[in-house]
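**Q** The chain contents come next:
Protein chains: 2
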Amino acid sequence: MDPRIREHAETIVDHSIDLSAGENVVIDAHPQAEDLVVALHELVADREAHPLVVQNRAGKRFQRAFLRNHDGDFELPAHEMALYEEMDAYVAIRGSDNVTETADVDPETTAAYGTATQPLLNERLSKTWCLTQYPTASHAQLAQMSTEAYENFVWDAVAKDWEAVRDHQAQLVDILDGADEVRIRSGETTDVTMSIAGNPPLNDYGENNLPGGEVFTAPVPDSVDGEVLFDMPLYHQGREVTDVYLRFEDGDVVDHDAAKNEALLTEVLDTDEGASRLGELGIGMNRDVDRFTYNMLFDEKMGDTVHMAVGRAYEDTVGEDNERNESAVHVDMIVDMSEDSEIVVDGEQIQTDGTFVFEE
Amino acid sequence: MDPRIREHAETIVDHSIDLSAGENVVIDAHPQAEDLVVALHELVADREAHPLVVQNRAGKRFQRAFLRNHDGDFELPAHEMALYEEMDAYVAIRGSDNVTETADVDPETTAAYGTATQPLLNERLSKTWCLTQYPTASHAQLAQMSTEAYENFVWDAVAKDWEAVRDHQAQLVDILDGADEVRIRSGETTDVTMSIAGNPPLNDYGENNLPGGEVFTAPVPDSVDGEVLFDMPLYHQGREVTDVYLRFEDGDVVDHDAAKNEALLTEVLDTDEGASRLGELGIGMNRDVDRFTYNMLFDEKMGDTVHMAVGRAYEDTVGEDNERNESAVHVDMIVDMSEDSEIVVDGEQIQTDGTFVFEE
Chain A
0 MDPRIREHAE
10 TIVDHSIDLS
20 AGENVVIDAH
30 PQAEDLVVAL
40 HELVADREAH
50 PLVVQNRAGK
60 RFQRAFLRNH
70 DGDFELPAHE
80 MALYEEMDAY
90 VAIRGSDNVT
100 ETADVDPETT
110 AAYGTATQPL
120 LNERLSKTWC
130 LTQYPTASHA
140 QLAQMSTEAY
150 ENFVWDAVAK
160 DWEAVRDHQA
170 QLVDILDGAD
180 EVRIRSGETT
190 DVTMSIAGNP
200 PLNDYGENNL
210 PGGEVFTAPV
220 PDSVDGEVLF
230 DMPLYHQGRE
240 VTDVYLRFED
250 GDVVDHDAAK
260 NEALLTEVLD
270 TDEGASRLGE
280 LGIGMNRDVD
290 RFTYNMLFDE
300 KMGDTVHMAV
310 GRAYEDTVGE
320 DNERNESAVH
330 VDMIVDMSED
340 SEIVVDGEQI
350 QTDGTFVFEE
Chain B
0 MDPRIREHAE
10 TIVDHSIDLS
20 AGENVVIDAH
30 PQAEDLVVAL
40 HELVADREAH
50 PLVVQNRAGK
60 RFQRAFLRNH
70 DGDFELPAHE
80 MALYEEMDAY
90 VAIRGSDNVT
100 ETADVDPETT
110 AAYGTATQPL
120 LNERLSKTWC
130 LTQYPTASHA
140 QLAQMSTEAY
150 ENFVWDAVAK
160 DWEAVRDHQA
170 QLVDILDGAD
180 EVRIRSGETT
190 DVTMSIAGNP
200 PLNDYGENNL
210 PGGEVFTAPV
220 PDSVDGEVLF
230 DMPLYHQGRE
240 VTDVYLRFED
250 GDVVDHDAAK
260 NEALLTEVLD
270 TDEGASRLGE
280 LGIGMNRDVD
290 RFTYNMLFDE
300 KMGDTVHMAV
310 GRAYEDTVGE
320 DNERNESAVH
330 VDMIVDMSED
340 SEIVVDGEQI
350 QTDGTFVFEE
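Just so you know, the sequences run in chain order A and B.
Numbering follows numbering that gives the first Met the number 0, in which position 197 of the first sequence is assigned residue number 196; successive positions increment by one, without gaps.
Numbering follows numbering that gives the first Met the number 0, in which position 123 of the second sequence is assigned residue number 122; successive positions increment by one, without gaps.
Hints may be right or wrong, so weigh each one.
Since the list gives no way to pick out one identical chain from another, each pair is judged satisfied if it fits inside one copy or across any two copies.
[To be verified] Below, computed lysine to any residue pairings styled on SDA-like, alpha-carbon distance capped at 25 Å: (1) 159 - 268; (2) 159 - 252; (3) 126 - 45; (4) 126 - 84; (5) 126 - 314; (6) 259 - 272.
It should be emphasised that the hints constitute simulated quantities derived from the structure, not laboratory data.
No experiment lies behind these values; they were computed from the predicted model shown.
Extracted from the complex, chain A is given alone in its bound form (with noise of 0.2 Å):
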């Protein structure tokens, strides 16, 4: 095994997950993901924790099987819930054979799942959770990378220093830590405005994210006003959507487009009342992930980036006394910000063309 993986494992249990004796942990692993399943084994039974495997969903071939075989009238699956419920710590492997296996699913249907089991989502965010990635074939063809050489930049970008990690980004938290209006501007097509009024900016150093590297919050759902053009791709649900536009007024999107897969945005905005609405709002600082890969995992962490997302808040984003947006959704969309861009907090511009003040 490549040591790597157990350097891998040993930074989600003794860092993102913090594991304990008696913990009951769900790892939730991609096949591929084997040898990082086998390594986090190995500590899960040192720390006298207890592990059951489950199976990803997403982008699997079941999965797909089980969405274009089914009338669209999901419920909730009792056993599913009750495992989550005695559940402490949730371990999710990213990894796949085929990054594009749900292309041919109605986005309706997937919408569908996605609302009736958003009580499972719910009740894995309440605990201890950390989402990383596998390194597998697919995942370095998505990124237009060999195997091994995304291999290089995959565990390159788990293997980092996460408490400096953590105090670099404290600059930022302490910029935003109480502000309010936040205005982002990046070119001709990139103008927007929102209020984070009373809610929290949270430091990501490879908690729930391994790799982590952001400064997120959300904004104030009505506060939202203005254009943007996410000028990075996304893929969801194993398609490409290109150049996706937003336009805002008092924090509803109230005019969209897209390049391509237009019609899958459009399902996702029209998937609830708050999938309309932003949820997330994300400052990118890892440098070290040097490199688009198509994964937004990795993506949103990339330095000179903004990103935002469509649907459900985060619980501890939101402050006790604002409005927390809810959707069955959660859909980030990234802004480069490496060329004419600006981020403005109350006023004071503090980032410049990817550079923040405290960089300068």
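Since the structure of chain A is provided, determine the placement of chain B on it from the hints.
**A** Chain B only, in chain A's frame:
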């Protein structure tokens, strides 16, 4: 996908577990069985039931890692227990990359794990369940067959007319129902008697085991006397045990040896009190299982064989007023009955050299 895989899935869903709308099903699968898992999901969706795929521990690298790195002080995992409590049906699909993957795990550790997690097994066995096989290359190798020949062997064995099997086997059930003493004699090496008074004989026609093909019940624990040489080998925890010899007095094993891996046999018998008493007497009746493949799911169903298991008795095989043998283990072992052998029930010879009285 080979069309026989979809037929296999249909037999599981419609015959073995008879899945209904709204039921919560757990599919416990080896990743190599992906095609069968996909075919099952097509049907589970059509039947409007709720699937969850967990990764089979048996013989897996991650389970080896867990057991080898554990101090042996195992606890019951509450989250897995909660999953099974809310589950209606359980499908376990055997498969393997390497059937000897756990050959270097201390048998004492495995026994301790089995004891601590026995409530999980009991909970699964209390639900509708089916154990079946996916024809992997490693199981073909174990059987000393090509992969294609082994695929034919497995899918032929599964694709039987199970109603006809039920009717044929019912003739043996009729003989054993209400009987008292069973005597099994084979050559000079096996001559054992036991009472089955009050314990119902069960007709296995492809429900809990797929393939099925046996009639089985539980001996009255303290009634077993005599000696048995199990002349067919068994694989247990990735190790082959050959020529197991057991001598019983008043139900207890008072002497034992084996030509190969006797220490593993000793470990099994020492697991707990019930592990050195019989929990099952089974009579194989499936003549389509026409060769020994070192896989108990098939081997114990072979015509011209009898098997006995030390350890746990199945609940349904024990009459209300009878004692049930309890144990963390259930290990089947087989006697070849094709030559110089007889089964005698209450003084009447019901099988001679493998041929039943109703087959003459």
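**Q** Which numbered hints does this structure break?
**A** 1 and 2
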